[in-house]
Amino acid sequence: MKNQNIDIELHHVTRVEGHGNIYVNVKKGIIEKCEWNISEAPRFFEAMVLGRQWNELHHITSRICGICSIGHTLASLKATETAMGIKISDQDLKLRKLALHAENLQSHILHLGFLVLPDLMGVGSVIPLASSNPEEVKTVLRLHRNANEMSNLLCGRTTHPQRLIPGGFSKIPSMRELTELRNKLKNSISELQVVAELIKSVAHRFPDFARETEFIALTRPDEYALYDGDLASSDTGTAPVNEYLSFTNEYIVPTSTAKRAKHARESYMVGALARLNINFERLAPLAKKIAEMFSLKPVSHNPFMNNVAQLVEVVHSVEDSIRLIDELEAAGLQRQPDYHKPEVKVKAGRGVGAVEVPRGILFHDYTYNEKGICTKANCVIPTNQNHGNIELDMKALLPNVLGKPEKEIELSLEMLVRAYDPCISCSTHCIRVHFV
Amino acid sequence: MKPKVAFFDFAGCEGDQLQVANLEEELLTLLGQVEVVSFREVMKEHSDNYDIAFIEGSCTRLMDEDRLKQIRKNAKIVVAIGSCATIGGINCIRNYKDLDDVRKTVYGESARLFDTYAARPINAVITVDAYVHGCPIDRDEFLHVVKSLLLGKKPDIPTYPVCVECKKNENVCAFERGQFCVGTVTRAGCNSCCVNEGTICWGCRGLVDNPNENSHKEVLIKYGLTVDDAIGKFRLYFGWQEGKK
Chain A
1 MKNQNIDIEL
11 HHVTRVEGHG
21 NIYVNVKKGI
31 IEKCEWNISE
41 APRFFEAMVL
51 GRQWNELHHI
61 TSRICGICSI
71 GHTLASLKAT
81 ETAMGIKISD
91 QDLKLRKLAL
101 HAENLQSHIL
111 HLGFLVLPDL
121 MGVGSVIPLA
131 SSNPEEVKTV
141 LRLHRNANEM
151 SNLLCGRTTH
161 PQRLIPGGFS
171 KIPSMRELTE
181 LRNKLKNSIS
191 ELQVVAELIK
201 SVAHRFPDFA
211 RETEFIALTR
221 PDEYALYDGD
231 LASSDTGTAP
241 VNEYLSFTNE
251 YIVPTSTAKR
261 AKHARESYMV
271 GALARLNINF
281 ERLAPLAKKI
291 AEMFSLKPVS
301 HNPFMNNVAQ
311 LVEVVHSVED
321 SIRLIDELEA
331 AGLQRQPDYH
341 KPEVKVKAGR
351 GVGAVEVPRG
361 ILFHDYTYNE
371 KGICTKANCV
381 IPTNQNHGNI
391 ELDMKALLPN
401 VLGKPEKEIE
411 LSLEMLVRAY
421 DPCISCSTHC
431 IRVHFV
Chain Y
1001 MKPKVAFFDF
1011 AGCEGDQLQV
1021 ANLEEELLTL
1031 LGQVEVVSFR
1041 EVMKEHSDNY
1051 DIAFIEGSCT
1061 RLMDEDRLKQ
1071 IRKNAKIVVA
1081 IGSCATIGGI
1091 NCIRNYKDLD
1101 DVRKTVYGES
1111 ARLFDTYAAR
1121 PINAVITVDA
1131 YVHGCPIDRD
1141 EFLHVVKSLL
1151 LGKKPDIPTY
1161 PVCVECKKNE
1171 NVCAFERGQF
1181 CVGTVTRAGC
1191 NSCCVNEGTI
1201 CWGCRGLVDN
1211 PNENSHKEVL
1221 IKYGLTVDDA
1231 IGKFRLYFGW
1241 QEGKK
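For the record, the sequence lines run as chains A and Y. When the letters of the first sequence are read in order and numbered with my numbering, they come out as residues 1 to 436. When the letters of the second sequence are read in order and numbered with my numbering, they come out as residues 1001 to 1245.
These are calculated hints, taken from the structure and not from any lab test. Please note: incorrect hints may appear among the correct ones.
[To be verified] BS3-like mimics (lysine-lysine), calculated; alpha carbons at most 30 Å apart, straight line:
(1) A:Lys407 to A:Lys200
(2) Y:Lys1168 to A:Lys371
(3) A:Lys345 to A:Lys87
(4) A:Lys171 to Y:Lys1104
The following block holds chain A by itself, in its conformation from the complex (with noise of 0.2 Å):
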């Protein structure tokens, strides 16, 4: 071990959203190097928006990200509505933070069943667990699928949102479709199961790893923070969305096309197992049962177990959609006119909008002039923020594994990032191992 030299140049990271690279040079058993950086080509959203109108915002800025993209309209809806003080009804309220779910579970099984399962097994892709597995590749795929139909009769669509406008919803649902989707929601728990027993049995794959860090997460005190709340550090303590920038302190590194945020210490986490760990107390009954069922309780310094409580999201977002449509159901869903549009009375002003999306707190904030054209806009992503954690867990994590074959300590390294479940157009606005 003293004397390995190590050169691992990883571009392009697989299986996650986008690219990025991993860079690590040892020599003689000094590590030298140890990088992870983006090279998706850059897009500039903020600077698309200027001069668009309000009511167009949502739709551009949906398209940062294919994965998150209700998140972003979420956000962005939030954003204008705050500008121009517009309200919606506790019923739009309720089918939006139903979209959210939908958005959660989607991006959720999709990385659990797709993305980290794969490491787990020891195979390079669901490809072959298709085969090697096929109960348990079908499981996943119906619940995908079962998730993309709830974005679908929320959204109008599984990706790109369309029912989603500034003051409402253009469309929504019948209760007798909410009713339906209730029944299946109901119906999937018992295949929850089946996946959690599933990275319950391989689960000893991810490896014992801490590194203290600092947490940040919506919080409020009624529910688990996912459609709105207050700022948390697990640090410092809470905030208003307001002051988001004193939280984010975004930073260029040159290596990078993407930025990276440093608040209490250099660099802080977002997430699910962030929000795990500021709102544990507020998850839903069963959902709780699975983060006992992997001993994952607050705090948790291990990057790894972000998978794990996502799928205690999973289960969580499952039981809190059966409540909204409880409620729906209890208030009677008010009908509403086709192709409606809500009346905005156009104001100048500035709006920031934070919405929790599966990778963790969003940010979107905007000004406009009086005309409703946007003059100025900020969008903090997920991804951002976690990229310089993630530097500093594979700088803390790579001592740990020195010694083993190169190809194992790649994995390791890999399997990590994945962890963050990064989501690299976003953050560009991606992964490949160099060791170089």
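Given chain A's structure and the hints, the job is docking chain Y onto it.
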């Protein structure tokens, strides 16, 4: 032997590859017909030996042209998937702005580190054999194009505007509702999915071949809309097609 296929992405949101993953059970059927040799989003393995290359995203910097040319060299058939790849898509909004300003807006003092040029569709750099339009692509249309290619046929892609489908779906016209819509000049094939959901056609499938611009102008006049209304919407997806390069 099964044809080998590969997926690649450039500047885009990867929402189109997601639609392929979203084929669910049909994906398993498709995997019976083709061998996927490269799909970075879902698999670790990679090979440069492939017959069909599916490309998502726009080309937005010179350094990406070499990668595109290499893909063209390796593949027998190149298919552009999604608006960013087929028409340049929403990325082309920035082509109307000064690109130095654009870079400075996002990256400030460090702008020079981030190379970029006007966003463009894939066929601005290499020859493209087939297109799957839309933002995101429609899963059924993707399957139709793949099936056609496997059978050696030309995919059947509509050459009429979204209006035709929208009328068939008996939607109330967006113009009648006081909204501006570009379904009059946008290529059909989406079954007017956005209007069906209560909004407007945004133009994501690009301008139809030979758009009837005169009749579009008549529509504008009839509903008291101005050229400014039109320009805003035309600049969402049609930037490259309208010659903004």
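Now the hints, each set against the structure:
1. Using a Cα cut-off of 30 Å, the hinted pair Lys407 (chain A) and Lys200 (chain A) holds, with the two alpha carbons roughly 25 Å apart.
2. Among the hinted pairs, Lys1168 (chain Y) with Lys371 (chain A) is inconsistent with the structure: their alpha-carbon atoms are about 36 Å apart, more than 30 Å.
3. With a CA separation close to 11 Å, the supplied pair Lys345 (chain A) and Lys87 (chain A) stays within the 30 Å bound.
4. Note on Lys171 (chain A) and Lys1104 (chain Y): the hinted pairing is violated, with a Cα-Cα distance of about 39 Å set against a maximum of 30 Å.
In summary, the structure is inconsistent with hints 2, 4 from the numbered list given earlier, while agreeing with the others.
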